[in-house]
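Residue numbers (the numbering used here), protein chains in the order written: chain P, 1 to 456; chain X, 1001 to 1520.
Straight line, CA to CA, 25 Å or less: simulated DSS-like cross-link-like pairs of lysine-lysine:
1. X:K1106 <-> P:K69
2. X:K1459 <-> X:K1386
3. P:K69 <-> X:K1326
4. X:K1314 <-> X:K1248
Each pair of labels, with its calculated beta carbon distance range:
5. X:G1474 <-> P:A28: 30 to 40 Å
6. X:E1251 <-> P:S183: 24 to 34 Å
7. X:T1460 <-> P:S255: 53 to 63 Å
8. X:D1501 <-> P:S183: 27 to 37 Å
9. P:Q230 <-> X:A1127: 42 to 52 Å
10. P:E313 <-> X:A1127: 50 to 60 Å
11. X:E1026 <-> P:D207: 41 to 51 Å
12. P:S379 <-> X:E1052: 12 to 22 Å
13. X:H1257 <-> P:R74: 47 to 57 Å
14. P:R74 <-> X:T1460: 41 to 51 Å
Reference listing, derived: stretches of chain X covered by chain P, where coverage requires no fewer than 3 residues with Cβ under 8 Å from a Cβ of chain P:
15. 1072–1084
16. 1487–1499
In case anyone wonders, no lab produced these hints; they're calculated from the structure. The C-beta atom is built at its ideal place from N, Cα and C for all residues, glycine as well.
Below, each chain spelled out in residue letters.
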Amino acid sequence: MNNPVAHPYIPNSVPAVRDAMLTAVGAADIDEFYADIPASLRVQGSLNLPAPFLAEADLERHVSALLNKNKSTRETLSFLGAGTYNHYVPSVVGEVINRSEFLTAYAGEPYEDHGRFQALFEYQSMMAELLNMDVVNVPTYDGMQATATALAMAGRITGRRGIVLVSDANPDMLSKVSDYVRSFMDLHVVPSYNGTADLEAAALAIDSGTAAVWIQTPSFHGALEAQGAQLARLAHDAGAIAVVGTDPIAYGVLSPPADWGADIVCGDIQSLGVHQWFGGGRGGFIAVHDDPTFVLEMPSRLFGLESTDVEGEYGFGDVAWDRTSFALREEGKEWVGTAAALWGIAAGVYLASMGPTGMAELGETLLARTAYAAQQLASVDGLELSDTALHLREIVVDFSNAALTSTEVVTALRARGIEPGVVLTGNRLLVCVTEQLTAADIDTLAATLTAVLKEN
Amino acid sequence: MALPVAPKPVLRRFHQARWDEPIIFELSTPGERGILVQQAESAAVEALDLLEDRLTPLRRASAPALPELAQMRVVRHYLRVSQENLGADFNIDIGQGTCTMKYSPKVNETIIRTPKLMDIHPLQDEASIQGLLEIYWRMEQMLAEISGMSRVSMQTQGGSAAIWANIAMIRAYHESHGEGEVRDEVITTIFSHPSNAACAKAAGYKVITLMPDADGYPDIDALRAAVSPRTAALMITNPEDTGIYNAKIREFVDIVHDVGALAAYDQANANGILGITRASDAGFDLCHFNLHKTFGTPHGSGGPGAGASCVSEKLVPFLPGPTIDKVGETFTVNRDHPQSVGTVAPFFGVAPNVVRAYAWIMALGADGLRQVAEIAVLNNNYLLAKVLEIPGASAPYAEGKRRIEQVRYSWQELFEETGVSSEEIGIRMSDFGMHYWTSHHPYLVPQPFTLEPTESYSKTEIDEYVAVLAHVAGEARTNPEIVRTAPHNQTVHHIHHDDLDDPARWAITWRAYQKKHLSN
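Let the sequences and hints guide you as you build the complete structure.
Next comes the structure, spelled out in structure tokens:
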């Protein structure tokens, strides 16, 4: 113990207290506690780390100075999506999730953490209304993980290996899912046709070895699947499970997948009241019907409502705890650990604030602005839309006949303070519009694109 | 006139908030709104009208039955519910052993709540995220130094996700050597976190679990018997959840290396050994940290946490991508990793936690990290001495030895004398504003409870916690009913858990509850 400073994070670094405690346990020095660590495994000297900023003011200045080098999406016109979305986060959400009671809690029992259980039960319940399904989990890490888990569940339930993906999926999602399921399942990709599922090709690919028909709607390209009912029927006729990956943002106006036959619905809740956080504000949801065959295959925690010794009082607890790896280790269904509960509370506050009317209006705004963006960008000379499907929030613009490539256009527009979208293979651009971008913003994008393409 | 000094009660009087707060749906009033949202312009509405015929079949028949509340009612509901929750900022949270509950510095909350972090998109121009990339890069350098490993990825969103990344890399490594089929077994120990076993199983491995020897150490003879050319890896914690440090850890690693397997170090319990010993010193190939445990980021009611995967040179090609590289004075995102296990999580992981952890390390430095470890270990051994003074409590295994970060204790003696279980004592503790947790399953230590004081709690607080523990243990002898019928000072009373396991009665959402329990 060489450091003479009593650090504010470490109360017992006060020398007199430390010495009193050593005396109380009969130890000559702290090193005695490390007697079991062999000398050969000891760090010699000090770690080679930067000198610390011991004064809080200096620390804040140092880290904030680094962060201030960044330029946020509030300072540019950002049409970036691809899994992380710039939706408005009501101030109420921050007020609730920044409360220490939620922010610093962890794994308390249903008694002293009654509030955490209630807030997450309510999140599950509001998601259930949006998705029209009776069971929703406490959030897992993100939509990629949720999808991988949903597909693995389908494999366990059917005892089959095949996954038939009929939509355009986010490449990062595909990477995650492939690596996750590859020891026990095989992934078959049926290329989409004009943005959505190729029904005939899907029918040929689905057979008695198919565990899951995996539909993404909106797809990675923002296309809304219009043939969901037919696809779910194809799955069910083959004894397979219809797994639908989605973003819940528009289910104030759109039919949730359960209404057209989905058995498992999964995805990400970042859109529902969580900031972009450099891509790190993610939480995964998995929803199923109230069928024990499905529920018992879910690895995540499920908070349930329960009675107590006092009539009329709501208690909460873990449903079917013995499903989980906490109880069963390797015999559990996959694993469960610290995931994204706080974002679940955020999404709950968001949905409670929005209500049915807010979610319906938001859905209309997103659909309308997306349609407007498609219309305006398609009218720019040299640009074409990649497909004619209905889209939500994202569209793909093809630059094959334009004077500049999509990569060149990104560079040119960045110089003008606009992030026009995410470059895709095949000289295309994925353009995202949320409710935070107005028709005037879209006009600015179209006009700037027109100007830049004309200049070249 | 001086005010008289009020006598302090021996035990703090406590009562958790009780608002009888309804489920949010019960508060709904049709027509109320929590927020007004942006409306589409007429030009946009006209563009949508052109698509309406095709859109109509996709439209929802009726609006979702979400609750309808004015904004201040939303606020009041959630703040009341929050008051019915005991976060680590409110209680002496040393009872949540294995989870390393420690102080989450408030300055870090100030730092992260800026649009310069909250409103950053991961795919925006690299020139516009240089500060963030620099923090990631610096963080990687520091965690490499702290672990002694070669490279680090902070893509995973929690400790268990990092354990998954470990097993994914192990699998990819063996496959790259043509041994993917042959090596199909993973060895772990019963006192390691359950996710080590569960992740290995999820990756398709057969799991072999080593039990402790008579002194509580993982049995080295059992390891020798278990290893074979089929072994892919050893996945182990040290110190384990008992708080006992396995001095033979280097031999464990050598034994698995001798058969061509890899060794992965679950450093969930790293808090007590920061700056004292490193994963590389024991020869590990992979390790991970939980940023929310060891580096002070808040636990968020169960996440988001953040994991950091650290690997030795030979595992570098398999690290999850992308990585952050420094080229000259510029920081750049490198996605060119052909042998990588790929994307195990979106983009760059949980950025706010990476920044908080960075600030935490920069607030302490090398000496401070060592001080964290040393005081955590001092606190733990002090707590151990105090708990062992309570009649009926014991600390099985490794008798007379010091412990590192935590101890798994037992109330077996008290249980035999009184019939009061560890779980019942834990619930009664909550009446005094204290939380404690038993342990992961299986209960190898009978009537377990696991305490981990970390560096964050003062001597006075540790004394207070022990006083409550001793008081409740005393009640088990003098007034067992008050323990058995606890809680008494909580938001709710004893919960009937049986229905939670019965598919006919469990209610995982409000609508399911209404259908099952209120429809008649």
